[in-house]
Amino acid sequence: MTTDPPAAPRAVPLLRVVGLTFGHPVATGDGAATAGVFDVTLDLFPGEIVAVIGPSGGGKSSLIRLLAGLTHRDSGTVALDGEPIDSLDLRHYRRRVAMLFQQPHMTTGTVADNLCLPGRLHGEDAARVDVAGLLHSVDLALELVGREAATLSVGQQQRVALARLLAMTPACLLLDEPTAALDPVSTQVIVRLLQRLRGEGVAILLVTHELAVARRLADRVVVLVAGRVVEEGAVAGFFAAPQSTEARAFLAAEGATP
Amino acid sequence: MSALQLIGAYALILVVAGLSRWRQVGIERDIFYSSLRAAVQLLAMGYVIQWVFDLRALRYLFLLLTVMLLIAGRISAKRGKGVANAYWIATAAIGVATAGTLGLLLALGVAEPSGRFVIPLGGMILGNAMNITSQTLNRFRAELKARRAEVETLFSLGASRQQAARELLRETVRAAMIAPLDTMKAVGLIHIPGVTAGMILAGTPPIEAVRYQVVIMYMMTSAVTLSSLTATTLCYLQAFSPDHRLRQK
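Line by line, the protein sequences are chains A and B. When the letters of the first sequence are read in order and numbered with numbering that gives the first Met the number 0, they come out as residues 0 to 257. When the letters of the second sequence are read in order and numbered with numbering that gives the first Met the number 0, they come out as residues 0 to 248.
Everything labelled a hint here was simulated from the structure, so no lab data went into it. All of these numbers come straight from a predicted model, not from anything done at the bench. We put the beta carbon where it would ideally sit given N, CA and C, even for glycine. The reader is advised that the hints may include incorrect statements.
To be verified - Sample of chain A residues with no beta-carbon within 10 angstroms of chain B, all distances over it, derived:
(1) ALA31
(2) SER55
(3) GLY56
(4) HIS71
(5) ARG93
(6) ALA97
(7) PHE100
(8) HIS104
(9) ASP124
(10) LEU141
(11) GLU142
(12) ALA160
(13) LEU164
(14) GLU230
Unchecked claim - Partial list, computed: chain A residues near chain B (C-beta under 7 angstroms):
(15) ILE84
(16) ARG119
(17) VAL190
With these hints in hand, go ahead and build the complete structure from the sequences.
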């Protein structure tokens, strides 16, 4: 799936994030406060799944939206293959670093229209899109191709949304709670597909509040509390022995004791 | 008209304000204050209208129209709370529409450059453009809120800001233009223009009297379309940044 040269050395991150900061005011019970992400540094390598976990309101969504180029950071740098995001056209950046939202949004038209949408937005020939192959990759029947996309179940829509991203052959996937609203079958399909994509060298950043999903899928975890990375490490080690007090408190609150 | 008749008419305002309160619509204060304001403003106009109509110096007419424009911009901008720079967007949209159409009427010689013609005509154009601009700002804000997921999905698929905004802008203008387009369809059948009717009753041949109304109708439709398109374009430039994202956090 990746367009990188084969056998890219592990030492070169696909996405390098340094000192990323973005604050926005939020209303709290006792007046205004600032939420967001503060001084976040992380690398994402081809062929790995990194799970970002942490309490809600901890900045997970802000982080993924920043990485998708949907919000503009206050400071810090994001680089794709060593190229700073500011020097790239966001339209092309987003095709390589593709974001899947928690709630899938289908545009008007059929499933095929949706799958051909990325190509159409870039003035490419729709006939070149392998609709059957894309549907197959998310385990949806070919008969669905002519169905009005908005009439599908949420789980099917999320699978179409993922297939729609794959039509762009992204090098990196950003997933915001991709399975939170889904039925078990769709969840299973998506989990298997993500494992396959990792094998093909796609870099995957997964924001999730479901610790079981993180544990099962991810190679590394990043724990985000109050907008700051409080801990980062390999999955097995982290769940066995979290180092920071914040991460231990979070795991305890989630009922996941080592 | 007797004072009693006036009070009787005002009672109706109080009734509808009461209905608004009862149904918890929440516009009773707006109805109440707007109705008082309208009476005071009309009374004031009654006292200055003669003086205004006798104005012939273009610079005074221009000044007066500018003041009217700034007031229209203020009223309209209140419907666009939440859109950044709503006041300037509204004023520019109404101004472009008024300058364009009133300028054309003067250039064609349909209206002569005196207060008697320019002020009521300009006021009519300003008022209509203001209404449509309010509708446009209000609708743009609602569409942007409702279509946020759509816009961000399109962005995430590599859309440009034009592509991401296309449906939203189309729907904004379409919704804002429902009333003026329906008005044009209904004119003569449902809307009986007062001045034209008066001219015909006073002996002007219909072909003569109607000709003016047709011109006014075309100008008005052009003005409101122009103001809606201008307001929509400015809102778009305000909300969507050139590097293809939404400006709001």
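Confirm or reject: A/HIS104 is not an interface residue toward chain B, with every Cβ-Cβ distance exceeding 10 angstroms.
violated, 4 angstroms
Grab the minimum C-beta distance from A/ARG119 to chain B and call the hint holds if it beats 7 angstroms, violated otherwise.
violated, 9 angstroms
Given as non-interface: A/ASP124, which should sit over 10 angstroms from chain B by C-beta
holds, 16 angstroms
Taking the closest pair, is the beta carbon of A/LEU141 still more than 10 angstroms from chain B?
For A/LEU141, whose nearest Cβ neighbour in chain B is about 22 angstroms away, the distance exceeds 10 angstroms, so it holds.
For the hint on A/VAL190, does the least C-beta distance to chain B fall short of 7 angstroms?
violated, 21 angstroms
Are A/ILE84 and chain B close enough, Cβ to Cβ, to be under 7 angstroms, as the hint says?
Interface hint status for A/ILE84: violated (10 angstroms vs cutoff 7 angstroms).
Confirm or reject the statement that A/SER55 sits farther than 10 angstroms, beta carbon to beta carbon, from all of chain B.
holds, 18 angstroms
Claimed clearance of chain B by A/GLU230, with the beta carbon kept past 10 angstroms
holds, 27 angstroms
Is the nearest Cβ of chain B still more than 10 angstroms from the Cβ of A/ALA31?
holds, 14 angstroms
Are all C-beta atoms of chain B more than 10 angstroms from that of A/ARG93?
At roughly 5 angstroms from the nearest Cβ of chain B, A/ARG93 sits no farther out than 10 angstroms, so the non-interface label is violated.
Does A/PHE100 really sit off the interface, with its C-beta more than 10 angstroms from all C-beta atoms of chain B?
Per Cβ check, A/PHE100 is inside 10 angstroms of chain B; nearest 7 angstroms; violated.
Quick check for students: does the CB of A/GLU142 sit more than 10 angstroms from each CB in chain B?
It holds; A/GLU142 is separated from chain B by about 24 angstroms at its closest Cβ, greater than 10 angstroms.
Going down the numbered hints, you'll see the structure goes against 4, 5, 6, 7, 8, 12, 13, 15, 16, 17, while the others check out.
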